[in-house]
Amino acid sequence: MRLEENGYLLRIFIGEADKHEGKLLYEWLVIQARQAGLAGATVLRGIMGFGPSSRIQTSKILMLSEDMPVVVEIVDSKENLEEFLARVENAIVEGLVTLEKATVRLYRGRPRE
Amino acid sequence: MRLEENGYLLRIFIGEADKHEGKLLYEWLVIQARQAGLAGATVLRGIMGFGPSSRIQTSKILMLSEDMPVVVEIVDSKENLEEFLARVENAIVEGLVTLEKATVRLYRGRPRE
Amino acid sequence: MRLEENGYLLRIFIGEADKHEGKLLYEWLVIQARQAGLAGATVLRGIMGFGPSSRIQTSKILMLSEDMPVVVEIVDSKENLEEFLARVENAIVEGLVTLEKATVRLYRGRPRE
Ligand SMILES: Nc1ncnc2c1ncn2[C@@H]1O[C@H](COP(=O)(O)OP(=O)(O)O)[C@@H](O)[C@H]1O
Ligand SMILES: Nc1ncnc2c1ncn2[C@@H]1O[C@H](COP(=O)(O)OP(=O)(O)O)[C@@H](O)[C@H]1O
Ligand SMILES: Nc1ncnc2c1ncn2[C@@H]1O[C@H](COP(=O)(O)OP(=O)(O)O)[C@@H](O)[C@H]1O
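Protein chains in written order, with the working numbering: chain Z, 1 to 113; chain L, 1001 to 1113; chain U, 2001 to 2113.
Honestly, the hints are just simulated from the structure, not real lab data. Ideal placement from N, C-alpha and C gives every residue a C-beta, glycine not left out. Heads up, some of the hints might be wrong.
[Claimed, not checked] Pairs of lysine to any residue residues, derived as SDA-like cross-links and limited to a Cα-Cα distance of at most 20 Å, are as follows: (1) 101(Z) - 1006(L); (2) 2019(U) - 106(Z); (3) 78(Z) - 2101(U); (4) 2019(U) - 2090(U); (5) 2078(U) - 106(Z).
[As the list claims (entries may be wrong)] Some chain Z residues close to chain L (C-beta under 7 Å, calculated; not the full set): (6) 13; (7) 44; (8) 48; (9) 51; (10) 53; (11) 69; (12) 94; (13) 96; (14) 97; (15) 99.
Assemble the whole structure, with the sequences as input and the hints as a guide.
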């Protein structure tokens, strides 16, 4: 797989429990990224957060909440990321999406299976 | 809540166990962000780290340490983030704070409760 | 330790289980960063990911995999990060490395031990 040097980083901040068509939204987004042939994706899980729906989520005993934040991160060309966002954005009912410049300095893999 | 397109990402790297006025610093920062009316916040917990206090923190059995790194991430306008930083920076006794450009492509919520 | 305002953020995306000379690669990278006198490092562990080796990693019961993604993040000057990358990049057999601009707004420590 190729990845040009002038990369961008797409970050999708949603709730871990958010759903889309019966599936977990973050899993659906990663699978969509894979099917779209994007260069990759990484999902980070947070321990606390709040967003436009204005509620503080935390897993501390006092305020038990299962909906921890997750961030789906995808590095690819700006063009590919904009195309992908146009395709999936209706599934993101609540949350935040940002786009940042990120120069790609290395991108290597070993094909498996 | 509104969030302009020309967004910035503030990242505050501190220790999970760091305290401020008897509270966990990262929790205090998120609550301050909420009270300041910022667009949101996400806390990520790391598994290893070192910083200006020059000690490698890790949870591996050989070097057990409870003070894992956390990163408090806030996306908002540059103006709001600078104002927020001026308000909280004295509470950050040790750590790192960075500010990056991050274009906001989507910001949606469903008001609850 | 000093850190100039014109900082950059290096992010190394690899597998948690990736090895280098018998050690875990992410641990080796953090130790190398420390020995090189870099300003710090933070390792974040993800819950799902795929990359150039084109396999979706997840810890869900259906597709059990131990190789979760990790991201090693280092903030320092562009010069120091480029020098560090030249030194360690041969150890990164598969994965992604990005470099982003990140203005340093605060960097404080309390020397210990
Ligand atoms: N402006 C922001 N800065 C940082 N993180 C954000 C921001 N907006 C949203 N998030 C993250 O996205 C998550 C999901 O947003 P949303 O579902 O609208 O929030 P809520 O947690 O209020 O229900 C939040 O919990 C938070 O972790
Ligand atoms: N330059 C840096 N790059 C990446 N992460 C950093 C940097 N500086 C500090 N950090 C993160 O912030 C955490 C807290 O910093 P500090 O309390 O000063 O470090 P220490 O872990 O040495 O006690 C570190 O453990 C590390 O995860
Ligand atoms: N373009 C990308 N965007 C986001 N994350 C990526 C990208 N490329 C690689 N990664 C992350 O780096 C990890 C390691 O990459 P690699 O070992 O090549 O992938 P794989 O998981 O396919 O074996 C991936 O699991 C993924 O989390």
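Evaluated hints:
1. 101(Z) - 1006(L): 13 Å, holds
2. 2019(U) - 106(Z): With Cα atoms ~18 Å apart, residue 2019(U) and residue 106(Z) stay inside 20 Å; holds.
3. 78(Z) - 2101(U): 17 Å, holds
4. 2019(U) - 2090(U): 12 Å, holds
5. 2078(U) - 106(Z): The hint holds at about 16 Å.
6. 13: 6 Å, holds
7. 44: Since chain L brings a Cβ to about 6 Å from residue 44(Z), closer than 7 Å, the hint holds.
8. 48: 4 Å, holds
9. 51: 4 Å, holds
10. 53: Given a least distance of 4 Å, the restraint on residue 53(Z) holds.
11. 69: Holds - the Cβ of residue 69(Z) comes within 7 Å of chain L, reaching about 5 Å at its closest.
12. 94: 5 Å, holds
13. 96: 5 Å, holds
14. 97: For residue 97(Z), the interface hint holds, since the closest Cβ of chain L sits about 4 Å away, which is under 7 Å.
15. 99: 5 Å, holds
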